[in-house]
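*Asks:* Below, each chain spelled out in residue letters.
Number of protein chains: 2
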Amino acid sequence: MPQGQPVSVPDDGLSTRQRRNRPLTIVHTGVQKGKSTAAFGLGLRGWNQGWDIAVFQFVKSAKWRVGEEAAYKALGALHDSDGVGGPVEWHKMGEGWSWSRKQGSDEDHAAAALAGWLEIKERIAAERHDLYILDEFTYPMKWGWVDVADVVATLRDRPGRQHVVVTGRDAAPELIEVADLVTEMTKIKHPMDAGQKGQRGIEW
Amino acid sequence: MPQGQPVSVPDDGLSTRQRRNRPLTIVHTGVQKGKSTAAFGLGLRGWNQGWDIAVFQFVKSAKWRVGEEAAYKALGALHDSDGVGGPVEWHKMGEGWSWSRKQGSDEDHAAAALAGWLEIKERIAAERHDLYILDEFTYPMKWGWVDVADVVATLRDRPGRQHVVVTGRDAAPELIEVADLVTEMTKIKHPMDAGQKGQRGIEW
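Which chain is which? The protein sequence lines are C and S, in order.
Every number in this note's numbering is 184 more than the matching position in the first sequence, counting from 1.
Every number in this note's numbering is 184 more than the matching position in the second sequence, counting from 1.
Some hints could be false.
Claimed, not checked - Here are some, though not all, of the chain C residues that point toward chain S, as calculated from beta-carbon distances under 8 Å:
| hint | residue |
| --- | --- |
| 1 | His212 |
| 2 | Ala254 |
| 3 | Gly269 |
The hints are simulated quantities; they were obtained by calculation from the structure and are not laboratory data.
Predicted, not measured: the structure shown is a model, and the values here were computed from it.
For glycine and all other residues, C-beta sits at the position ideal for the given N, C-alpha and C.
Could you build all of it, start to finish, from the sequences and the hints given here?
*Replies:* Pasting the structure below:
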């Protein structure tokens, strides 16, 4: 935990401060709920530090993050109007990426996912944001739409101090290898086991 | 997941809609990061639905949730000024509960934790909020400051449609028993294993 002492201090030539401030690659994986919610919770800390935050939502349906999107956009607007917190961008694949001219045709999810990744890669090279939330990004990797080796190399070699969070089930072993912080959300209980379907305010 | 089908439909006399809208008791436990962040991420959905949200922070230091607190208060202020989202209250033990007259003297953590719980219990009886986030509430239970059986009975028998999230390590088995959704945050990797201490924007 924050005040704790590291179990070992590596011989990496870095000072404690340098090591502390290294950018993190964070992965939230596992079958249980909480992967994306924890990423969006984490982003609140970055927002409060004035970080430039970009969310990239790699899901087909635009339905499932409406609450988080509304809250993040409200927080981003507060930055723009009142100068508090940091700026927020929210891009989603299901409605066509917002920087893409070709809206509407989201039939080819593989091409859309790849276009999203290439945009992210460019932004990482340009050190455009402080925190990238790549929501459900494990799936395009799993399905071969995006090259895992390219993602891993891009994250491993990225310049500056950019934090990246990747969420989704079945994170690739190569991604876990290159990550600094990996949490698996493990199911102990789920309401669906008791016959309860998802509900407003909880699932979306 | 949201669009999935329940594995079994219980013989509880409820319609699918009634069952869907049952209030949830949610527990985030385990040793890894993400328990509280996932709770605060979840609250963004409730906020967007206009829910009345109350956070009760059962930690000694006021330091660790400054980002979430700032963001939640900003969102609550947006509700108060512009009518968007829901209202937010944020109470913390470390600085004296905000409804308590006796501020400042937080020496007796056990008494402070119990006072916090008794206030929550009253609010639950009065159906005061839609979502309660009881952050790090497993510890006062673990340490015997708050009676586990009282918490369990209060949550199990609570009126109306109030959702409750409890976070922290070592959740009591009785709490898990009465919960609907329980996630264990499992450590795969943590930066401290590589000698990296906590950093601004990530841990707070």
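*Asks:* All the hints need checking, so say for each whether the structure fits it.
*Replies:* Okay, the hints, checked on the actual structure:
1. His212: Histidine 212 of chain C check passes; min Cβ-Cβ to chain S is 7 Å, inside 8 Å.
2. Ala254: holds, 4 Å
3. Gly269: With Cβ-Cβ at 7 Å, under 8 Å, it holds.
Of the hints listed earlier, there is not a single one the structure fails to meet.
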